[in-house]
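From just these sequences and the hints, can you work out the full model?
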Amino acid sequence: MKNVEVKGLSTKELKEKIDAEAVSLNQMKINHSISPLDNPAQIKHLRRTIARLKTELHQREQIINK
1 MKNVEVKGLS TKELKEKIDA EAVSLNQMKI NHSISPLDNP AQIKHLRRTI ARLKTELHQR
61 EQIINK
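The numbers in the numbering used here rise by one with no breaks, and the one at position 44 of the sequence shown is 44.
Simulated from the structure, these hints should not be mistaken for lab results. Careful, some of the hints might be misleading.
Stated by the list, open to error - Under the rule of at most 20 Å between Cα atoms (straight-line distance), these lysine to aspartate or glutamate pairs were calculated in the EDC-like manner:
| no. | residue 1 | residue 2 |
| --- | --- | --- |
| 1 | Lys-44 | Glu-61 |
| 2 | Lys-29 | Glu-61 |
| 3 | Lys-7 | Asp-38 |
| 4 | Lys-17 | Glu-61 |
| 5 | Lys-66 | Glu-16 |
| 6 | Lys-54 | Glu-5 |
Below, the structure is given as structure tokens:
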């Protein structure tokens, strides 16, 4: 997910996306520990996507609190 796409989401959508991606990441980690994934770089990509979403959410909260 690109930064442009993240900025286009509403705050509610950001929170929902973070929760959904976190669940997906946990499931992917569990699956990878049982049997290796075809592309283990997916874990890294998903972790970074969650970080992008959280960063945008934090920036919006900072703007609101000012």
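Here's how the hints hold up against the structure:
| no. | hint | result |
| --- | --- | --- |
| 1 | Lys-44 with Glu-61 | violated (26 Å) |
| 2 | Lys-29 with Glu-61 | violated (30 Å) |
| 3 | Lys-7 with Asp-38 | violated (31 Å) |
| 4 | Lys-17 with Glu-61 | holds (16 Å) |
| 5 | Lys-66 with Glu-16 | violated (24 Å) |
| 6 | Lys-54 with Glu-5 | holds (14 Å) |
The structure does not agree with the numbered hints 1, 2, 3 and 5 stated previously, though it agrees with the rest.
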